[in-house]
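Start from the sequences, fold in the hints, and give me the full structure.
Just so you know, full-length UniProt numbering puts 496 at position 496 of the sequence shown, and the rest follows in order with no gaps.
These are calculated hints, taken from the structure and not from any lab test. Some hints here could point you the wrong way.
[Unchecked claim] In the BS3-like style, the derived pairs of lysine-lysine whose C-alpha atoms are separated by at most 25 Å in a straight line are:
no. : residue 1 : residue 2
1   : K60       : K516
2   : K167      : K100
3   : K516      : K167
4   : K100      : K60
5   : K167      : K78
6   : K120      : K78
[To be verified] Per label pair, the in silico range of CB-to-CB distance:
no. : residue 1 : residue 2 : range
7   : A180      : A379      : 29 to 37 Å
8   : T434      : R490      : 40 to 48 Å
9   : P449      : A89       : 40 to 48 Å
10  : A690      : S37       : 37 to 45 Å
11  : L521      : A86       : 50 to 58 Å
12  : A89       : D462      : 37 to 45 Å
13  : A357      : E135      : 55 to 63 Å
We put the CB at the ideal spot given by N, CA and C, even for glycine.
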Amino acid sequence: MSTYLYRLARWCFRNRWKTLAAWVAVVLAAVVIAGVSGGKTNDALTIPGTEAQQAATLLKDRLPAASGASTQVVFAVKDGDITSAAHQAAIDRAVTALGKVSQVTSATNPFQAGAVSPDKRVALGSVTYNAQAAEVRTSTVDQLEPAVSAARDAGVQVEFGGAVYPKAAVGANSEAIGIAVALVILCLTFGSLVAAGLPIITAFFGLITTMMGITALAAVTDIASSATSVATMLGLSCGIDYAVFILARYRSYLLEGHEPGDAAGRAAGTAGSSVVFAALSVIIALCGLSVVGIPFLTTMGLAAAATVALALLVALTLVPAAFGVLGRRAARFSRLPLLRRAAPAGRTAATDPDRLAGTRWARWVVRRRIPVLVIGVLALGVLTVPVASMDLGIPGSNSLSTSDTSRRAYDLTTAHFGPGYNGALTVVADDVTTSGQAQRVSDAISKVPGVASSSVAVTTNDIALINVVPTTGPNDPATTDLVHHIRDQRTALEAGTGAHLLVGGLTATNIDVSAKLGGALPIFLFTVVALAFVLLTFAFRTIIVPIKSIIGFLLSAGAAFGAQVAVFQWGWGKSLLGIEPTQTLSFLPVILLAIMFGLSSDYEVFVVSRIKEQFTRTGDARRAVTLGTGQSARVVSAAALIMASIFVSFVFAPEPTIKEIGFSFAVGVLVDAFVVRLTLVPAAMAVLGAKAWYHPRWFSRYVPDPDIEGERLDDKLGDDKPSDDRPGDEKHRLTTHV
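Next comes the structure, spelled out in structure tokens:
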């Protein structure tokens, strides 16, 4: 592999302007296609085969008017009576105006529906659309606020909730924050503004192409909004990281005296080989989401995998082309005081790795390998303890900031009606021909423990729609128990009515989604671990290293899950992050395991490949651990900090689910890079010694060697420093610059 990558990089280096033009053309084409498609992501969570989905399908076929999305409209007064003549008249005008909004099929008047709180301070109206939430146009949502102006002018507070509601404008751009931090880290790492900017610029080529592709695909298939956030996180972080690893090796070869063309090829053949296997690990893990059998997770995983694949392609083609443009300038150091300290470290890495700070750290770890292993594993085990309290679910409006209208609507409804009104169940009774049948079913449901009220909303086309209000909120475990109890007692509730019941609605859908995801988790984990084990075994040609990598991944993932539960469920630091304690996002474990396994394999490949490279050269296992870890520590640390900074930046996003994803990923990356890969891995490798590289004889005969360390490439090239393929400015010697 290293030889092919060497040739590819050399070609891109020579044909740098053609390569750059090709990538610019790809990006422009993707932007144009996305603009023409008009695609839009959505937050609809549907899982075929669940009862809630069956209920939704039945409503869509037999009662389309009730199958569309809806908005809850909460009218409230701080003082006085909401039923006063002035307030009623103003609310009536608001409801009439809401009924005239485009895509709205009906607007329910709270006074006609009797939806007034016992204290007469709050009234609940609703708006129903002729489309699902994903199909409600932005222009439609924009009309909601002006429509209720009459009520607000009369002193009535109006808030919106439900599946569709006006959302506040997004504040600071979280991606911009992450990129700014990444730029600072890169400047400190490379000691050069030019070198620091290169990975970020090249990463954007792959990211923009993927984002535009997702937008175009959203026009023909449902893609979750969170898929864009996950793809953005991975596109930026992986794109920057892969470029950083190749750039670091390129600079090292230049400092050793190689000509730029040869240095670019060697960097791609060595570090590029590691990047290929690291990216394949991430891609396999993300594609593994398809085995879960949940459509929105499949599209999310495939979109993220495509992002990583493009980041890999950029690293192997566009980055060498950029080397051709920059030449030796990529290895120069700045004269700025804050960046000047990187120059000695860069030269030391190339000429005397024994003096590196990373090498000193690795030497300390190797000397104390047993205590380090014991203490490290125990510490990560303690961080994993909160996982036992993990409660999966779909966080609702109660997890949003009080600046969000949906959260205010939720709080008003809970305070004046009860928490169950925020999570009403929709029971669909099929084969119901009379209102009497429907009422008997409703009366039977109302007697179920945990039901606050049950009422027939409509009876038509041989089905009845029954609204069931629990006594508990939508995220309360008691509500989950109620849904299961109604389903378990279905036969008794149907007795004598001839009806067939299905429990659906948003709350039941979220419960079904969480249950399906929890059941699919073991299958997914086994599949991904098995595939990655095969890939890592092929890469390193040993069985012990992949097993060690998997154990390290489980420790990192456990620590990330534990921190997430402590912060987002228990509420530790809630004021700092601006969150409310809530359930763990039901698809977070699957997503986190997929991405964490891929990223942990990234750092495993980068660190262990350098260790194996040193072992191949010296035959001294412990010295190879020290030098290999030392040579990779600086760039792995920078890569992990960059990736974590991008993930942390999403904590500033307004959506609590994105905050949760970003926080969990950041903790997982930091723990995996610094605690596992740069501490526990060297300690374990030092304990294992040469045994770590054992493999059966038949393995050598039947499994090809991918040459991930570039050993055969080095043997072929030797120490030659060719002088061809040089851009015009490469004849200048390396100097410092600003």
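Here is what the structure says about each hint:
1. At most 25 Å may separate the alpha-carbon atoms for a hinted pair to count; K60 and K516 meet this at roughly 23 Å.
2. With a CA separation close to 21 Å, the supplied pair K167 and K100 stays within the 25 Å bound.
3. Taking the CA atoms of K516 and K167, the gap is about 29 Å. The hint is violated against a cut of 25 Å.
4. A threshold of 25 Å between alpha carbons decides the hint, and for K100 with K60 the separation of about 23 Å falls inside it, so the pair holds.
5. Restraint check for K167 and K78: satisfied, since their Cα atoms lie roughly 23 Å apart, inside the 25 Å limit.
6. Straight-line distance between C-alpha atoms of K120 and K78 comes to about 10 Å, which keeps the hinted pair within the 25 Å bound.
7. In this structure, A180 and A379 meet the distance hint of 29 to 37 Å, their C-beta atoms being roughly 32 Å apart.
8. Judged by the Cβ atoms, the range 40 to 48 Å given for T434 and R490 is violated: they are separated by roughly 20 Å.
9. Checked against the hint of 40 to 48 Å, the C-beta distance between P449 and A89 comes to roughly 41 Å, which is consistent with it.
10. A beta carbon spacing of about 56 Å between A690 and S37 contradicts the range 37 to 45 Å that was offered as a hint.
11. Separation of L521 from A86 is about 55 Å and conforms to the stated range, judged on CB atoms against 50 to 58 Å.
12. Roughly 39 Å separates the CB atoms of A89 and D462, a value that falls within the hinted 37 to 45 Å.
13. Between A357 and E135 the beta carbons are some 56 Å apart, a value that agrees with the proposed interval 55 to 63 Å.
Going through the hint list in order, the structure does not satisfy hints 3, 8 and 10.
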